[in-house]
Each structure stands twice: as C-alpha cells, then as structure tokens.
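Peer 1: Chain residues, written in single-letter form:
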Amino acid sequence: MSEIAGAPGAADPAGGPEPTTTERKTSEVLHFAVRNPKLLIGLGIVLSLLLLGIFGPFFIDQDPNEYVGPKSQPPNGEYWFGTTSFGQDVWAQFVYGLRSTFLIGAFGGGVAFVIGTTVGFVAGYKGGIVDEILNMLTNVVLVLPALVVLIVITAYLEVRGVFIQGVFIGLTSWPWAARAVRSQALSLATRDYVDLARLSGRRTWRIITTEIAPNMSSYLVMSFILLFGGSILIAAGLDFIGLGPSNGVSLGLMLESAMKWSSLYLGMWWWFIPPGLGITMIVGSLYILNVGLDEVFNPKLREL
Amino acid sequence: MWRYIGRKLFVYLLTFVIAVTINWMIPRFMPGDPVRSMLSRASVGNPEALERMNEYYTGVFGLDTPLHEQYLSFWAGLFRGDLGISVMLFPQPVLDIILRSVPYTLALLVPAILLSWIVGNRIGAFAARKKLLDNTILPVGYILTAMPYMWLALLLAWSLGIVADVLPTANGYSPSLRPEFSWLFISSLISHWFLPFLSMFIVALGGWAIGMRNMIIYELEADYSNYLQALGAPTRLIRRYAFRNAMLPQITGLAVQLGTVLSGALLTEIVFNYPGLGTLILQALNNRDFFVLQGTFLFVVVGVLIANFIIDIVYVLVDPRTRVQMTGGAA
Amino acid sequence: MRSLRLPAALAALTLAVTACAGGGGGNGEGSGEYPRNETLYTTGTAWGPPANWNPFMQGQYAVGTVGLAYEPLFLFDPNTSEYVPWLAESHSWPEENVHEIVLREGITWSDGEAFDSADVVSTLEIGQFGSVPFSNLWNFIEGVEAVDAQTVRVTFSENRPQEWMNWVYSHPIAPEHIWAEKTEEQVMSDVNEDPVGTGPYVYESHTDERLVWERKDDWWGTDALDYEMKPRYIVDLVNASNDITLGMLQQGEVDLSNNFLPGIDQIINGNEAITSYYDGPPYMQAANTAWLVPNTTKEPLNDPEFRQALAHSIDMQSIIEGPYTNLVEAASPTGLLPLWDEYIDHDLVAEEGFSFNADRAVEILEDAGYQDQDGDGYVETPDGDPIALTLEVPAGWTDWMEASNVIASNAQAVGINVEAQTPEFDLLVDNRNSGEFDLVINNERGASNTPWTYYDYLFQLPLNEQQTTVNFGRYENEEAWELVEQLAAVPADDVEAAAEITSQIQEIQLAELPAIPLWYNGMWSQANNTYWTNWPSDAEGAPKSYATLWNGMWQLGAITTLATIEPAGE
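For the record, the sequence lines run as chains S, D and F.
Here our numbering is used: position 280 in the first sequence is 332, and no number is missing along the way.
Here our numbering is used: position 140 in the second sequence is 171, and no number is missing along the way.
Here our numbering is used: position 169 in the third sequence is 176, and no number is missing along the way.
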C-alpha cells in the first residue's frame with residue numbers, strides 16, 4: 053500500500069530542482085508555505101493527531117484494555133467514544149492506538165526510507181553494473197505483493213512485536229522510493245558541481261550526502277511522508293488479519309476486535325468507526341500535506 | 032522492443048525464483064518446528080493419526096536430507112504442479128483448494144481494477160480543468176486512497192447491508208442455493224458480489240483520479256503545452272494531448288498498484304466472508320495450514336507477474352516510443 | 008459516460024461465467040433452492056471446510072458424520088442418566104464380565120444391506136488396529152462374538168463398565184461389508200465421501216463453505232421410535248466470523264448457531280425470534296468445565312495451601328459479568344457439571360469448598376508462611392524466594408484472554424504475583440504437555456455418561472514425559488488414582504455406589520485442589536424461531552434435549568431435537 057499511483061513526488065517528470073542560493077530559497081519556500089492551504093490543513097491535522105497520540109495517554113490513568121465502565125455504552129460525557137462490549141474505553145484505546153500507529157509509521161517508513169534512498173543514491177550515482185544489479189533487485193521487490201509476503205513471514209513468528217513488524221514492513225516497501233531517488237540522483241550526478249566534487253577526490257559517500265542529497269531534500273521529505281503513510285496502512289492490514297503485535301494496542305487491532313466481537317451487528321458503530329477514521333485522517337492528511345509541499349517546492353505548480 | 036520484453040521477462044523470472052526461494056526458506060529457517068506447530072492446531076485427537084501426518088509432513092519437508100537436495104526436490108515438486116497437501120483439508124492437494132477460490136478473487140479484482148482505472152482517469156482529467164472542482168475532488172480522492180480497504184468494507188456492510196438492509200453482507204452466494212447455471216443462482220452471485228466489489232472500486236478510484244489529475248497538471252505545465260498555447264492552439268486540443276500523454280504513466284501505475292489492490296481484495300474478502308483467496312488465507316492462518324498459506328502466496332505472485340507482463344505488452348503497444356527508450360537502457 | 012457501459016457489461020459476464028465454473032454443478036434436482044421451510048440452516052461446529060466422513064477419524068470427520076449418518080447402539084440421556092436403546096433393543100449383564108446386547112430387527116444400511124450383529128463385531132474388531140482411537144478397549148476386552156444375527160456378546164478380562172459404556176453410547180457402528188476389508192492405513196485415511204450409515208440422514212453435497220445432509224425417509228427410527236425427523240435438509244455452514252454469524256442468525260439465514268457469540272444476551276433479550284435454553288442468565292446449558300490448572304511440580308504451586316489461596320482470590324463473578332456477559336455460570340468447587348449433581352457431595356462442598364474471598368486468601372497465605380518480606384506488594388515463599396507466576400492462554404482466544412487478565416489482577420490483589428501471557432496455541436500446547444508452565448486454563452473434558460471421565464482427567468497416573476490429554480498439572484496422588492480406578496469398575500447404572508466413591512475423591516480434591524474449577528463453558532446454542540420452533544428450553548412442556556450439532560452431542564440426545572422441532576406456521 054505504499055505505492056500511490058502517480059503520487060506527487062513519486063514520478064516527477066519536471067526534472068530535478070535547480071540548485072539555488074540556499075538563503076533565498078528558504079525564505080521563498082517559507083513565503084509560499086504559509087500561504088498554501090493544503091500544506092497548512094494537512095500539517096494541522098497530522099500535528100494535532102500526533103500531539104494527541106503523544107500526550108493523550110498521559111491523561112488516561114488506566115490501561116487501554118482494562119474494563120473500566122459499563123458495557124456497550126454509546127458515546128457520552130464520561131466515555132467520549134463510548135465503550136466496547138467488555139466496558140473498555142474506546143477513547144483510551146483510540147488515543148493509545150494513535151500513538152502506536154504513528155510509531156509504526158515512523159519506524160516502518162524509516163526503515164524503508166533508509167533502504168530505499170541508499171539503494172537509490174548508490175544506483176543513481178555509481179551507475180554501470182552496480183546500477184544494473186540494484187535496479188534488478190528493486191524491480192523484483194517492487195513486483196512482490198508486500199502484504200502477502202508479510203502475511204507468510206509473520207505467520208511463522210511465534211512472538212510478534214511492533215519492532216519486528218516495522219522491520220518487515222520496511223524491508224518490503226522500499227522499492228518505489230529507491231526508484232524515484234535513483235532517477236533524481238541520476239540527473240544530479242551529471243551536474244557540473246558534482247563533477248567538480250568528484251574531481252577534487254572526495255569520497256562517494258560524502259558527495260552523496262553533501263552535494264546530491266541536499267539538492268533534493270524536498271524530494272526526500274516527500275518520499276518519507278509517503279512511506280510513512282504506506283507503512284501505517286500495511287500495518288493496519290496485518291493487524292486486521294490477526295497478525296498484529298500480540299497484546300498490543302493499535303488502530304488496526306481495534307478494527308480487528310470490533311469485527312471479532314460483532315460490533316457491526318450489535319449496532320456499536322462507535323467501536324469500528326474511530327479506528328478507521330483515525331487511520332484515514334492520518335494518512336489522508338499526510339497525502340494532502342504532500343501535495344502542498346510539492347506545490348511549495350515546485351514553482352511551476354504554484355500558479356494553479 | 033524485443034529487448035525490452037526480454038528484459039522484463041528476465042526480471043519476472045528472477046522474481047519468481049526469489050519468491051519460490053523465500054517460500055522454501057521461511058519454514059526452514061524460522062525458529063520452531065513447522066510440522067509440529069502445524070499439527071498441534073490440526074486438532075487430531077488420536078496420537079497415531081498424528082504420527083502418520085507427522086511422518087508425511089516431515090517427509091514433504093524432507094527435513095532429513097541435505098539442504099540443497101531439499102531445495103531441488105522442492106522445485107521438482109513445483110514443476111509437477113505439486114504444492115503439497117493441506118493440513119486443514121487433509122488429504123486434499125493444496126492446488127485444488129486454491130483453484131476453487133481463485134474465480135471469486137478474480138471476479139472481484141478484474142472488474143474493480145479496470146472500472147476504477149477507467150472511471151478514475153476520467154474524473155481526474157475532469158478535475159484538472161477547474162480550480163473549484165479540483166479543490167473538492169482532490170481532498171476526496173486523497174481521503175479515499177488513505178482509507179484502509181477493510182474499513183470502507185465495514186462501513187458499506189454496516190450502512191447498506193445492515194442498516195438499510197438492501198444487500199447481503201456475507202458469503203459468495205446464498206446458502207439456500209445449489210450452485211448451478213440458473214438465473215436464481217447467478218443473481219444471488221451478483222448481489223453477494225456487489226458490496227465487496229463496490230468497496231474495492233471506491234478505494235481504488237481515488238488513487239487513479241489523483242494520479243491523472245497530477246499528471247495532467249504536469250503535462251499542462253510542460254514546454255510543449257506552453258508552446259502550443261503560445262501558438263494559440265485551442266485549449267481543448269492542448270488538453271487532449273495532455274490526457275494522452277498522461278495515460279502512459281497511468282498504465283505503468285496499473286502495474287505498480289496491482290499489489291496494493293490485491294492486498295485490498297484479500298482484506299475486503301475477509302470482511303464479507305467472500306470465498307476467495309483472502310478468506311482462504313485467513314482460514315489457513317486460523318488452522319495453521321502453512322501449505323495452503325504458502326501455496327496461495329506462490330499463486331498470487333505468479334498471478335501478479337503475469338498481470339505485470341500483460342501490462343508491459345499493452346504499454347509497448349500503446350506507446351511506440353518505448354522501443355526507442357528501452358534500447359536506450361533506462362528502465 | 009457512455010464508454011463505461013461496455014466494460015461494465017463485460018465484467019458482469021466474466022463474473023457470472025467464472026463464478027459458475029468455480030462453483031461446480033448442482034446435483035441434478037429440479038429446483039436450485041433448498042425449500043426454506045423444510046431446510047434447517049446451522050453453523051458453529053465446523054471450523055474448517057468439510058474434509059472427510061470417516062467415523063473412525065475422530066475429531067476430523069465432518070459435522071453429523073456420527074449422529075446423522077452413523078449411529079451408536081445406545082444414546083445416553085443426561086436428563087435421566089439412562090442409556091436409551093438406539094440400534095440396540097436391550098442389553099443385559101448375564102455375568103459380571105459379560106455384556107450381552109440385543110439389536111433391533113429390520114434396520115438397514117443406506118445401501119440396502121441389513122444391519123446385524125456382524126457389523127457390531129467387525130466395528131469392535133477394527134479397534135484392534137493400534138491407530139484407531141478406541142484401540143485401548145482391547146486392553147480389557149477378552150472377546151466379542153455374534154451369538155446370532157441380533158445378539159452380540161462381549162466378554163471382559165478386566166471389569167471397566169463405566170469406560171465400556173462410554174464407548175457403547177459414544178461410538179457408532181460401521182457396516183461390516185464396507186469396512187471389514189480395509190487395511191489399517193485405509194481405515195484411518197479413507198475420506199469416505201457418501202458414507203453408508205444407518206442414520207436418519209444421508210450425504211447430499213458439500214462445498215468448502217457448507218455441508219448438506221438430506222433426510223432418509225425410510226429411516227428405521229420413524230417406526231421403531233416414533234421419531235420423525237422434521238428438516239428435509241440440514242445445511243451446516245462452516246464458521247465465519249462472529250460478526251457474520253450473528254448477522255445471519257438475526258436475519259434468519261441461519262436457524263441454529265452453536266458458537267460462542269459475544270453479545271448474544273442483548274439479542275436474546277431484544278429480539279423475540281432468537282431464543283436459547285434459558286430466558287435469562289446463564290442462557291446456555293453447561294457443556295464443560297474450564298479449569299485453572301497449576302503445575303503441581305513447581306514451587307509454590309506444589310503447596311496445596313498456596314493453591315487454596317489462589318482459588319479463594321479469584322472473583323469469578325467479574326469474569327462472568329465481564330468477558331462472558333452472564334453467558335456462563337461459576338463452576339461447582341468440585342468442577343462436576345450440573346448433570347452429575349447426584350455425584351456431588353453437597354455437605355462436603357458446603358464445608359470444604361472454596362469461594363471468592365480475598366481476605367480469606369490473604370489469611371491462608373499468612374498461615375502458610377507466605378509473606379511480603381521485601382515490600383514489593385507480592386508475597387515470597389516461606390524461604391524468602393520471590394514468586395512470579397505466569398498464566399498462559401492461547402493468543403486469539405479472546406474470551407479466555409480477557410478472563411486471564413481478571414484472574415491475574417485478582418491474584419495480584421491478594422499479593423500473588425501472576426502475570427497473564429498469550430503465547431501462540433501450539434507453543435502453549437508444547438509447554439503444557441511437557442510441564443513447562445506455571446498456570447494454564449483448560450477445558451478439554453466435557454459432558455458424558457460418568458464423572459469418571461473428569462476424574463480420569465484430573466488424577467490419571469502414571470505421569471509421562473509428555474502429558475498430552477490428561478493431568479496436565481502432573482498431580483501425583485496414588486490414593487486418589489486408586490479411587491478413580493475403583494470408580495471405573497462400578498456397574499454403569501449403580502449411581503449410589505459411584506457417588507460413594509466420588510465423595511471420597513472429592514474430599515481429596517477439595518483439600519488438595521489439583522486444578523481449580525472456574526466456570527462452566529456453555530453449550531453455545533442460539534436459535535432463530537422464524538422458520539423452526541419448539542426449540543429445547545427450560546420452559547414447561549418444551550423438549551429438554553441439547554440443541555447442538557457438536558460432535559459427541561448427538562449421542563447425548565441431541566439427535567432427538569431434530570424430531571421435536573417444528574416448522575413454523577403449522
């Protein structure tokens with residue numbers, strides 16, 4: 053679920069951004085950023101949910117899975133999101149679930165980002181046989197359906213945790229980022245200033261980190277955001293099938309137990325709507341935030 | 032062009048080999064004893080029968096032979112179309128079980144992918160024309176793509192199936208019918224198919240609409256568009272060019288999206304207890320039937336590879352430029 | 008969008024064609040629909056697609072194989088504690104070690120062959136194959152002979168009537184002309200599609216999602232027993248999720264569900280059409296006992312006083328009201344099911360039985376020398392070693408997971424450090440069988456003709472390296488086991504003699520608590536009355552049989568439920 057068709061940044065035919073004086077660029081970007089409603093709205097929603105996920109649990113005394121109140125209560129003043137059929141507080145689960153959802157997004161997305169950009173940079177910069185091999189690898193992983201691979205792998209695990217889930221998600225969802233980064237790096241690698249750096253005898257890794265990466269930083273940020281959202285969706289899918297972390301709390305697990313305990317047919321909409329809505333809001337606003345960023349960084353799109 | 036296709040074929044072949052290898056490796060290198068953990072879930076009351084199944088599966092895994100021999104015999108079995116024998120449906124061959132589920136999954140996937148692609152592209156192209164429209168369609172599209180497949184499925188099952196009570200929410204057809212070629216049975220199939228299809232269609236729709244909208248905007252900002260505009264060409268013409276050029280990346284997008292839509296189909300099936308591969312995977316998981324699980328995995332990979340290949344060929348046919356490009360070397 | 012019409016039409020066509028091709032053909036009967044008012048839809052028993060119809064593959068055969076197709080010699084009626092003649096007409100014990108069974112005349116197999124004593128003899132003889140589940144019978148059977156076409160005589164080398172009668176009512180007879188020829192391998196692996204039995208139903212068809220049985224109209228029982236099976240078809244659906252089952256039950260797509268459906272109490276109370284055995288809590292009859300099994304080889308669980316304290320700490324009511332929403336009842340301190348009430352020594356229970364009392368638990372701990380010496384809130388052993396126990400239940404068994412959390416926090420409240428864990432099922436089975444656990448919950452023995460099955464489960468000796476079915480707690484008490492062996496030898500109908508022995512066993516049991524009885528798991532059974540009515544219930548005049556398709560329950564009288572239900576609107 054990491055590959056969003058034609059997602060902004062994923063297939064940027066407009067070519068690499070021009071290297072410009074950093075200062076001027078920064079102020080210019082800021083100028084447009086504060087005037088871009090997509091960016092502001094997306095960022096606003098993501099940040100408020102993030103803050104809720106980080107600080108919300110501190111205001112909840114009990115364990116989110118504990119039975120605290122009356123059973124099957126619709127939302128009310130005391131239990132804002134109602135209670136489950138065991139008397140668990142849906143709001144508490146939601147807040148904790150947000151936290152772990154951000155965690156898996158950051159972690160799974162992070163792993164994928166590191167692998168993807170590394171492969172992309174090395175392939176794009178080195179070229180030749182290294183490129184051939186890495187490109188082949190990327191294509192192979194790209195074709196494998198990530199969720200199915202993950203199901204088969206995690207089915208064999210005896211103990212499942214957030215950490216291991218993140219690693220596996222990262223390992224399967226990096227390829228399109230590698231592809232995108234590679235094509236960018238490919239065009240930047242032939243620029244004069246990179247040639248200059250190469251002539252001056254600097255090491256490959258330093259050239260990549262000091263000359264190439266900074267010039268496509270906007271691009272990298274956007275890739276990370278997409279990987280972040282993708283990881284959240286994959287993790288939710290795994291959780292829903294029952295392959296989520298044992299004993300954990302997450303929005304996907306909430307959906308699983310809502311379905312398992314018949315919330316649909318018992319009419320307990322307050323149980324299955326919040327977790328799905330939470331995921332949709334996080335991922336959706338990340339995407340919208342991304343379009344905003346694209347418009348800010350890419351001058352050609354600003355007029356629209 | 033041949034070189035392009037050959038190259039693609041090579042990648043797919045490689046992918047297949049790797050997938051098979053992963054499949055072979057997982058039960059052998061994961062911690063724990065796969066045979067025992069499978070059989071403990073099989074709820075076989077009597078120890079002798081358990082022993083017999085144990086013997087069979089240990090034999091199948093060939094755990095007593097050297098690794099490279101195990102690997103080769105695994106491949107040999109594969110070429111005979113032998114995916115092993117199911118634990119939960121012992122002694123039925125895994126392949127038979129999978130083949131019974133495939134039609135249902137295809138019946139969801141193929142229409143959902145094709146229709147959402149066609150409709151999504153239209154909507155996206157439409158949206159790119161007007162700012163007002165764009166401002167409503169864009170967020171809606173993003174929210175749709177951001178939706179977990181199973182959540183939309185739950186919402187539809189709840190609203191249309193339970194609250195409004197207009198469509199069935201479970202199974203592939205009504206349990207009161209015998210499978211046969213009659214209008215009664217077919218209409219039952221269609222009514223049970225509709226909700227899972229609809230929920231997949233809607234989620235996929237958003238992605239295509241956004242993709243197309245973005246592509247068109249990029250195309251409209253491209254040099255050739257500006258040039259045409261400067262020449263005073265009618266806007267309609269420019270848009271038509273833009274639409275055509277934007278179609279090509281959307282075809283590639285189709286290939287890239289396959290895995291995602293497929294995952295979505297599996298999750299959607301589970302919500303609706305639709306008797307396709309997704310429900311089969313869940314049953315295999317619940318019964319610890321690793322043979323069915325891994326057989327399904329291989330089957331799905333092969334399916335995705337074939338679909339990719341078909342898309343590649345379509346791409347070549349639609350875009351003559353590929354020949355030139357591909358001989359140039361960039362993939 | 009004109010262009011959409013063609014693809015839509017194409018899609019619909021492909022779908023119809025592919026799905027029909029996948030679904031397979033019908034069986035040739037005119038109408039494609041099972042007539043609703045003659046068909047009983049059930050679910051809740053099959054956890055996977057139907058795979059075989061082999062009566063010897065216990066635990067694997069499809070729903071109804073034994074019960075609907077194959078029948079036993081007797082049923083056991085739990086309400087009267089009597090053996091009801093079924094394929095047999097009568098039986099007697101001419102000598103203490105000889106059991107003579109007279110068969111009914113005029114019974115035929117579904118392929119037309121006559122049923123006679125040779126079938127009974129051959130079925131028992133198949134048990135001489137080591138891999139047949141009841142091969143242990145031949146440890147105490149000396150010989151089986153067909154005296155004449157209707158009479159079978161079984162001679163025993165050792166008297167174990169309770170165990171023997173358990174076989175007599177729970178195992179079905181298979182036709183000699185089909186099974187006698189088979190090798191051991193064939194007996195234990197034959198899929199046996201289209202089973203030939205004596206029962207009231209025959210196999211009709213199956214898919215991965217369901218199994219259909221069709222009534223055999225010339226079934227012997229219609230005349231001989233005056234039981235007329237009402238449903239013409241029984242369609243048993245493989246379990247879907249709780250959610251979907253509940254939906255189908257409410258919408259009348261399923262008539263009977265035998266699955267634990269959380270929240271069903273709300274539906275029973277709110278929807279007139281949905282009923283269960285009792286109108287109010289616990290709604291369901293008891294099917295088996297859930298035990299908290301301590302590993303009695305480990306310190307401090309090897310100390311009966313410590314086990315007592317643990318038992319007193321558990322607030323069963325909060326488990327029953329919490330995860331089970333009053334769908335179960337607390338178990339008797341003896342753990343015996345309500346149907347064995349005659350075997351419970353009530354005076355003894357009143358005196359010695361435990362009940363929830365946190366203060367008492369603390370007291371017991373103190374008296375036995377368990378004290379919190381380091382001030383961490385948890386007691387240590389009298390030697391001062393810290394105690395940290397884990398309670399394992401299988402991952403995904405949500406009701407048990409919730410219950411184990413309650414137990415853990417109850418125990419912590421009195422100072423016993425228990426932590427609930429949820430390993431994968433197979434890992435738990437490994438740990439449990441090899442004795443590498445502290446506490447587990449288990450309910451693997453259910454209702455039967457004799458409490459002997461429960462005591463066998465609790466006390467069986469000697470211990471093996473792997474305890475796969477009984478005595479998971481590895482409790483060693485020669486005296487108790489000796490009593491259980493005595494119980495096995497009591498004549499099957501002598502309740503008084505049996506109760507005398509069970510009372511002695513209970514004295515040991517209540518003092519020692521080899522396992523702590525928790526609650527009775529329900530015989531989950533909820534029916535929709537839209538198409539079929541007169542379901543068993545505790546109301547006056549209603550049938551009292553079990554309404555379930557669970558394996559093993561047909562022989563406890565559930566088969567008669569099919570004859571007592573009535574089509575609605577008549």
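Hints may be right or wrong, so weigh each one.
[As the list claims (entries may be wrong)] If you want the footprint, here are the derived chain D segments under chain F, 3+ residues with CB under 8 Å: (1) 108 to 115; (2) 151 to 163; (3) 323 to 334.
[Said to hold, decoys possible] Residues from chain F shown here face chain S by an in silico Cβ test under 7 Å; the list is partial: (4) N246; (5) D250; (6) L253; (7) G329; (8) A415.
These are calculated hints, taken from the structure and not from any lab test.
For glycine and all other residues, C-beta sits at the position ideal for the given N, C-alpha and C.
Peer 1: For each hint, tell me whether it holds in the structure or not.
Peer 2: Verification of the hints:
Closer than 8 Å: that is the beta-carbon criterion, and the stretch 108 to 115 of chain D has 0 residues meeting it against chain F, so the requirement of 3 is violated. Beta-carbon proximity to chain F at under 8 Å applies to 1 residues in the stretch 151 to 163 of chain D; the threshold of 3 is not reached and the given coverage is violated. Check result for the stretch 323 to 334 of chain D against chain F: violated, 0 residues qualifying (beta carbon to beta carbon below 8 Å, three or more required). The criterion of a C-beta within 7 Å of any C-beta in chain S is not met by N246 (chain F), whose closest approach is roughly 12 Å, and the hint is violated.
Evaluation of the D250 (chain F) hint against chain S yields a held restraint, the C-beta minimum of about 5 Å falling below 7 Å. Hint on L253 (chain F) holds. Least Cβ distance to chain S is approximately 4 Å, under the 7 Å limit. Because the beta carbon of G329 (chain F) sits about 5 Å from the nearest beta carbon in chain S, less than 7 Å, this interface hint is met. Among the interface hints, the one on A415 (chain F) is violated; its C-beta lies about 12 Å from the nearest C-beta in chain S, farther than the 7 Å criterion.
In summary, the numbered hints that this structure violates are 1, 2, 3, 4, 8.
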